[in-house]
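**Student:** Model the placement of chain V on the given structure of chain X, informed by the hints.
Protein chains: 2
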Amino acid sequence: MTRIAVDAMGGDNAPFEIVAGAVWGAAEYGVGLELVGKQDQIEQCLETIQKEGFLSDCGKANGKKRVKIDVKSLDIKITHASEIIEMGEAPGQAIRKKKNSSIVLTVNSVATGSSEALVAAGSTGAAMASSLFGLGRIQGIDRPAIAVTLPTMKKPIVVIDGGANSNCTPQMLKQFAIMGMTFSKNVLGIENPRVGVLNIGEEAGKGNELAQATYNLLEEEKEKFNFMGNVEGRELFLNHCDVVVCDGFVGNVVLKVTEGTSSLLFRMIKEQFKSDFLGMIIGMLAKPFMKRIYEKINYEEFGGCLLLGVKGITVISHGRSKAYAIKNAVRVAKEAVVTGVNSKISESLGN
Amino acid sequence: MTRIAVDAMGGDNAPFEIVAGAVWGAAEYGVGLELVGKQDQIEQCLETIQKEGFLSDCGKANGKKRVKIDVKSLDIKITHASEIIEMGEAPGQAIRKKKNSSIVLTVNSVATGSSEALVAAGSTGAAMASSLFGLGRIQGIDRPAIAVTLPTMKKPIVVIDGGANSNCTPQMLKQFAIMGMTFSKNVLGIENPRVGVLNIGEEAGKGNELAQATYNLLEEEKEKFNFMGNVEGRELFLNHCDVVVCDGFVGNVVLKVTEGTSSLLFRMIKEQFKSDFLGMIIGMLAKPFMKRIYEKINYEEFGGCLLLGVKGITVISHGRSKAYAIKNAVRVAKEAVVTGVNSKISESLGN
Numbered sequence: 001m002t003r004i005a006v007d008a009m010g011g012d013n014a015p016f017e018i019v020a021g022a023v024w025g026a027a028e029y030g031v032g033l034e035l036v037g038k039q040d041q042i043e044q045c046l047e048t049i050q051k052e053g054f055l056s057d058c059g060k061a062n063g064k065k066r067v068k069i070d071v072k073s074l075d076i077k078i079t080h081a082s083e084i085i086e087m088g089e090a091p092g093q094a095i096r097k098k099k100n101s102s103i104v105l106t107v108n109s110v111a112t113g114s115s116e117a118l119v120a121a122g123s124t125g126a127a128m129a130s131s132l133f134g135l136g137r138i139q140g141i142d143r144p145a146i147a148v149t150l151p152t153m154k155k156p157i158v159v160i161d162g163g164a165n166s167n168c169t170p171q172m173l174k175q176f177a178i179m180g181m182t183f184s185k186n187v188l189g190i191e192n193p194r195v196g197v198l199n200i201g202e203e204a205g206k207g208n209e210l211a212q213a214t215y216n217l218l219e220e221e222k223e224k225f226n227f228m229g230n231v232e233g234r235e236l237f238l239n240h241c242d243v244v245v246c247d248g249f250v251g252n253v254v255l256k257v258t259e260g261t262s263s264l265l266f267r268m269i270k271e272q273f274k275s276d277f278l279g280m281i282i283g284m285l286a287k288p289f290m291k292r293i294y295e296k297i298n299y300e301e302f303g304g305c306l307l308l309g310v311k312g313i314t315v316i317s318h319g320r321s322k323a324y325a326i327k328n329a330v331r332v333a334k335e336a337v338v339t340g341v342n343s344k345i346s347e348s349l350g351n
Numbered sequence: 001m002t003r004i005a006v007d008a009m010g011g012d013n014a015p016f017e018i019v020a021g022a023v024w025g026a027a028e029y030g031v032g033l034e035l036v037g038k039q040d041q042i043e044q045c046l047e048t049i050q051k052e053g054f055l056s057d058c059g060k061a062n063g064k065k066r067v068k069i070d071v072k073s074l075d076i077k078i079t080h081a082s083e084i085i086e087m088g089e090a091p092g093q094a095i096r097k098k099k100n101s102s103i104v105l106t107v108n109s110v111a112t113g114s115s116e117a118l119v120a121a122g123s124t125g126a127a128m129a130s131s132l133f134g135l136g137r138i139q140g141i142d143r144p145a146i147a148v149t150l151p152t153m154k155k156p157i158v159v160i161d162g163g164a165n166s167n168c169t170p171q172m173l174k175q176f177a178i179m180g181m182t183f184s185k186n187v188l189g190i191e192n193p194r195v196g197v198l199n200i201g202e203e204a205g206k207g208n209e210l211a212q213a214t215y216n217l218l219e220e221e222k223e224k225f226n227f228m229g230n231v232e233g234r235e236l237f238l239n240h241c242d243v244v245v246c247d248g249f250v251g252n253v254v255l256k257v258t259e260g261t262s263s264l265l266f267r268m269i270k271e272q273f274k275s276d277f278l279g280m281i282i283g284m285l286a287k288p289f290m291k292r293i294y295e296k297i298n299y300e301e302f303g304g305c306l307l308l309g310v311k312g313i314t315v316i317s318h319g320r321s322k323a324y325a326i327k328n329a330v331r332v333a334k335e336a337v338v339t340g341v342n343s344k345i346s347e348s349l350g351n
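Taken in order, these protein sequences are the chains called X and V. Quick note on the working numbering: the first sequence kicks off at 1 and runs consecutively. Quick note on the working numbering: the second sequence kicks off at 1 and runs consecutively.
Simulated from the structure, these hints should not be mistaken for laboratory data. All of these numbers come straight from a predicted model, not from anything done at the bench. Mixed in with the good hints there might be a few duds.
As the list claims (entries may be wrong) - In silico DMTMM-like links for lysine to aspartate or glutamate, alpha-carbon gap of 20 Å or less:
#1 V:Lys296 to X:Glu271
#2 V:Lys72 to V:Glu47
#3 V:Lys270 to X:Glu271
As the list claims (entries may be wrong) - A few chain X residues that don't get close to chain V, going by computed Cβ distances all over 12 Å:
#4 Glu52
#5 Gly53
#6 Lys65
#7 Gln212
#8 Lys274
#9 Ser275
Said to hold, decoys possible - Partner residues are not named here, just some residues of chain V that face chain X (Cβ under 10 Å, in silico):
#10 Glu43
#11 Gly205
#12 Gln272
#13 Phe277
#14 Val337
Even glycine gets a Cβ: it sits at the ideal position worked out from N, Cα and C.
Only chain X is shown next, with the shape it has when bound in the complex (with noise of 0.2 Å):
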């Protein structure tokens, strides 16, 4: 049975959200879990699920409902660790410094072998360097990068790099290519992925110097990559391609601009229904149909993203993850297992 270890700690809604979500997924997709974090905390969260349930958006467009788990049937570990490494704090620092904290513990379970994957919703910098350094690089790749998969009107799009590393350069960002279209591959299983660079303009030479350098690295090896060129911000949902590169600054903001910019128009049709009685109906009439919009979107139900180029399975997820989102985490960690996203990434590397 595939085991994956959770940070039980980490993100805004932990321990409880976390563990409701990790037992959750556990019983859903049918996978052993190791439980990391504070060991009175997690057992306290467990009996409280084992005899209360607990109350959690169903993807919040269905409203809340009381999920009852029997957790003395799921195959769960758990592995005490007595520090847990903050926000706010330097990641490089804190995972040298905090050897008992839950996500190095977490990492370590996968490093170990004790566990398959590992899903963490705390500070994505201390994920990301406690996976680096605990997990080691695959060969032929400098930096790991988050794979971000995006709704369209067809096939999803895997933005790359999500948030993982701030300052790239272009050949990075060609790495972030061949991780992509092995994701894009074997994980959303689409053929021959066209890969493209996220600029401002669609001719060559627009953008700054690191669009640049990397449209021209691509475009060297034009087959190879599938390249089709530049692609904007608005053609991101266009399906102009299926994988784009970025750095991780610019990747976290167009995350981060979609989620903010669908939320506002959806608050936005919500108080417009509001503005007098024939909109209330109306507005009670489209709901189904609205709830189903919500769900192709919402972050809740992809769960999390996976961190690609290290040498194991790190799914990183919101740090607002409640249980739901971090049940779709669990579903998204096995999945990277069964398809061997990892090994394909060395293949194709050529290791």
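**Tutor:** Here is chain V on its own, set in the frame of chain X:
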């Protein structure tokens, strides 16, 4: 009477849609025009408009209408320009080589005082380079920047730079903050605007080198800038601050991802309502409500963005602008003349 110079040859839909939008704006906002471009083509456009009017989106959501304008009643000057700068050309080179291009002569008309502001929908790079070269920089500003106004639930937020400078220094971003504050206060009417740095985390020390250094610069003069610290992409729409600074690469990505996300959502909603018969009926009932939202966020309503930091008023419109957007760009140009935003920027800098 205020006269607005319009580059009639710039943009995907030039010259007809540009000329149509310009005369529409002139009629609606009571300004004179200087249309710059191929004289025969402009005259032909004016003739057609006088005779037949033109079909135009009136805010896309309101559908197309035939617009009738009595061109002869307007104060229109035509300035012949024999050359055009195309989208693919390197801006710096192009404006030096094509001294008789429509954009260079449009800028020239403001530089010589023939017009008081200009509207350009062609190559943003060329509009910026020719404005910089032809109008000169405001003292204390190293590089002009594009001020983009994004809608939120409450007050609009200014993102600066929206695409003029792909490679920036922290010092430039500090100047953008000054210009953005002046714009927010004088054009948007926001008292004591709050400034933030666009970043990928809230804590100091997050993000790339540029964001970190800019944070430190603004933090040093915290009170002057009413400095709110870092702002994430998601929070842009939550009114955590009024002015957000970033380099033009990131700002342009923000702008276009916002556009792309909202257009994706509207398409998804449309599609969803079409999924069954009941949906079609509810969709029809919901349409007027959706229209009102669409208008709130549609770039065509905004018309164009001001290029701040040059000694003159340059409104940069979307390359895809049609008549309705250009009409609104004329409004933006007139407002900038009336509010005297440039001299206010000059004052803020203690010139």
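**Student:** Now tell me if each hint is right for this structure.
**Tutor:** Evaluation of the provided hints:
For the hint pairing V:Lys296 with X:Glu271, the CA-to-CA distance comes to about 13 Å; that is within 20 Å, so the pair holds. Distance hint between V:Lys72 and V:Glu47 is fulfilled; the C-alpha atoms sit about 10 Å from each other, no more than 20 Å. Annotation: proposed proximity of V:Lys270 to X:Glu271 holds, straight-line Cα distance about 19 Å (limit 20 Å). Every CB of chain V is more than 12 Å from the CB of X:Glu52 (nearest about 32 Å), matching its label as outside the interface.
The Cβ of X:Gly53 sits about 31 Å from the closest Cβ of chain V, beyond the 12 Å cut-off, so the non-interface label holds. With a least beta-carbon separation of about 23 Å from chain V, X:Lys65 lies farther than 12 Å from that chain, consistent with its non-interface assignment. Residue placement check: X:Gln212 does not keep its beta carbon more than 12 Å from all beta carbons of chain V (closest about 9 Å). Distance check for X:Lys274 against chain V: the nearest CB is about 10 Å away, which does not clear 12 Å, and the non-interface claim fails.
Non-interface status of X:Ser275 relative to chain V is broken: a Cβ of that chain comes within 12 Å, the nearest being about 8 Å off. Contact between V:Glu43 and chain X, as hinted, is not supported at the beta carbon level, the nearest pair being about 32 Å apart and thus beyond 10 Å. The interface hint given for V:Gly205 holds, since its Cβ lies 7 Å from the closest Cβ of chain X, which is under the 10 Å cut-off. Evaluation of the V:Gln272 hint against chain X yields a held restraint, the C-beta minimum of about 5 Å falling below 10 Å.
Annotation: V:Phe277 was flagged as interfacial toward chain X, and the flag is violated, the nearest CB pair being 13 Å apart, outside 10 Å. Restraint check, V:Val337 versus chain X: the minimum CB separation of about 29 Å is more than 10 Å; hint violated.
Violated hints for the displayed structure, listed by number in ascending order: 7, 8, 9, 10, 13 and 14.
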